[in-house]
Amino acid sequence: MKISEARVSRLVDYVHGVLKKQDGKTLYLEYRPDIEAVTPPGGL
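FYI, the working numbering numbers position 6 of the sequence shown as 7, with every residue one higher than the one before it.
Don't take each hint at face value.
[To be verified] Derived Cβ-Cβ restraints for the label pairs, each shown as a range:
1. GLY43 / LYS21: 27 to 33 Å
2. GLY43 / GLN23: 27 to 33 Å
3. TYR29 / ILE4: 31 to 37 Å
4. LYS22 / PRO42: 27 to 33 Å
5. GLY43 / LYS22: 30 to 36 Å
6. ALA7 / LEU30: 17 to 23 Å
7. PRO42 / LYS21: 23 to 29 Å
8. SER10 / LEU30: 25 to 31 Å
9. SER10 / PRO42: 16 to 22 Å
10. ILE4 / ARG33: 14 to 20 Å
11. HIS17 / ALA38: 27 to 33 Å
12. TYR29 / SER5: 15 to 21 Å
If you are wondering where the hints come from, they were derived from the structure by calculation, not from laboratory data.
Just so you know, even glycine gets a beta-carbon here, dropped at the ideal spot from N, CA and C.
Please construct the entire structure, taking both the sequences and the accompanying hints into account.
Next up, the structure:
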């Protein structure tokens, strides 16, 4: 499993936005491709 550093960085930015109480829908739409690419440990 190869994790893209750019994707991890974008997910961190997403979480920071959530913690800063930025608009959730806007954040989700911006980071959706990165969020949907996350797979749980062990895969699907």
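Quick rundown of the hints versus the structure:
Taken as a hint, the range 27 to 33 Å holds for the pair GLY43 and LYS21, whose Cβ atoms sit roughly 31 Å apart. GLY43 and GLN23 have their C-beta atoms about 31 Å apart, which keeps the hinted 27 to 33 Å range intact. For TYR29 paired with ILE4, a C-beta distance near 21 Å fails the hint of 31 to 37 Å. Separated by about 29 Å at the C-beta atoms, LYS22 and PRO42 satisfy the suggested range of 27 to 33 Å.
Here the CB-CB span from GLY43 to LYS22 is close to 32 Å, well matched to the stated 30 to 36 Å. At about 18 Å, the beta-carbon gap between ALA7 and LEU30 stays in the expected band of 17 to 23 Å. The beta-carbon spacing between PRO42 and LYS21, approximately 28 Å, falls within the hinted interval of 23 to 29 Å. At about 18 Å, the beta-carbon gap between SER10 and LEU30 misses the expected band of 25 to 31 Å.
One distance hint, 16 to 22 Å for the beta-carbon pair SER10 and PRO42, holds here, with the actual separation near 20 Å. Here the CB-CB span from ILE4 to ARG33 is close to 18 Å, well matched to the stated 14 to 20 Å. Take HIS17 and ALA38: their Cβ atoms lie about 19 Å apart, and the range 27 to 33 Å is violated. Remark: the range hint 15 to 21 Å for TYR29 to SER5 is upheld by a beta-carbon distance near 19 Å.
When each numbered hint is compared with the structure, violations occur for hints 3, 8 and 11.
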